[in-house]
Amino acid sequence: MCLSSFIQFVYDESVNSAIEKLNGSIVNGKQMYVGKFVKKSECALPSPDNPDDVRKAMETMNGLQLGLKMLYVVRAQKNVEQEQILRRQFEDQRK
Numbered sequence: 004m005c006l007s008s009f010i011q012f013v014y015d016e017s018v019n020s021a022i023e024k025l026n027g028s029i030v031n032g033k034q035m036y037v038g039k040f041v042k043k044s045e046c047a048l049p050s051p052d053n054p055d056d057v058r059k060a061m062e063t064m065n066g067l068q069l070g071l072k073m074l075y076v077v078r079a080q081k082n083v084e085q086e087q088i089l090r091r092q093f094e095d096q097r098k
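Under my numbering, the first residue of the sequence shown is numbered 4, with each subsequent residue one higher.
Worth double-checking, as some hints may not be accurate.
Unchecked claim - Calculated pairs, SDA-like style, for lysine to any residue (alpha carbon to alpha carbon, straight line, at most 25 Å):
1) Lys72 / Phe93
2) Lys98 / Gln85
3) Lys59 / Lys81
4) Lys39 / Pro54
5) Lys98 / Gly70
6) Lys59 / Lys98
7) Lys81 / Glu94
8) Lys33 / Phe93
9) Lys81 / Asn53
10) Lys33 / Gln68
11) Lys72 / Met61
12) Lys59 / Leu74
13) Lys72 / Ser28
14) Lys81 / Phe93
15) Lys39 / Lys81
16) Lys39 / Gly70
17) Lys24 / Thr63
18) Lys59 / Arg90
Hints in this document: simulated from the structure, not taken from any laboratory. Given the structure is predicted, the values throughout are model-derived calculations rather than measurements.
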């Protein structure tokens with residue numbers, strides 16, 4: 004089973020920094036591939052092999068600063084699910 008995650012960056016230097024610092028990293032005994040995803044935007048693509056690795060990557064890399072940006076690392080989600088989570092987080096921060 005191969006799982007993929009996508010991280011979208013605004014600036015090319017952030018993409019290049021993520022690739023340089025994270026490509027080949029070992030998370031929970033598995034090597035990650037981080038590279039450019041070419042479609043509509045540029046993303047870093049960690050692809051651990053199982054859900055435990057995804058959780059570990061989220062715990063390890065979420066909030067990490069690369070270049071000018073802070074990483075926001077989550078498991079791949081449907082747009083609707085991601086919007087609901089982000090909306091809840093935003094509401095919790097306003098309290």
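Okay, the hints, checked on the actual structure:
1. Lys72 / Phe93: With a Cα-Cα distance of about 19 Å, the restraint between Lys72 and Phe93 holds, given a limit of 25 Å.
2. Lys98 / Gln85: holds, 20 Å
3. Lys59 / Lys81: It holds: about 21 Å lies between the C-alpha atoms, which stays within 25 Å.
4. Lys39 / Pro54: Between Lys39 and Pro54 the Cα gap is close to 22 Å, so the pair holds against 25 Å.
5. Lys98 / Gly70: Violated - the C-alpha atoms of Gly70 and Lys98 are around 30 Å apart, more than 25 Å.
6. Lys59 / Lys98: Distance of about 29 Å is beyond 25 Å: violated.
7. Lys81 / Glu94: Holds. Lys81 to Glu94 sits at ~20 Å (cutoff 25 Å).
8. Lys33 / Phe93: It is violated: about 33 Å lies between the C-alpha atoms, which goes past 25 Å.
9. Lys81 / Asn53: holds, 19 Å
10. Lys33 / Gln68: holds, 22 Å
11. Lys72 / Met61: holds, 16 Å
12. Lys59 / Leu74: Distance of about 14 Å is within 25 Å: holds.
13. Lys72 / Ser28: Satisfied, since the Cα-Cα distance of roughly 19 Å is no more than 25 Å.
14. Lys81 / Phe93: Given pair Lys81, Phe93 holds - Cα atoms ~18 Å apart, limit 25 Å.
15. Lys39 / Lys81: holds, 21 Å
16. Lys39 / Gly70: holds, 16 Å
17. Lys24 / Thr63: Since the Cα atoms of Lys24 and Thr63 sit roughly 13 Å apart, the hinted pair holds (cutoff 25 Å).
18. Lys59 / Arg90: At roughly 24 Å apart (the allowed maximum being 25 Å), Arg90 and Lys59 satisfy the hint.
Going through the hint list in order, the structure does not satisfy hints 5, 6, 8.
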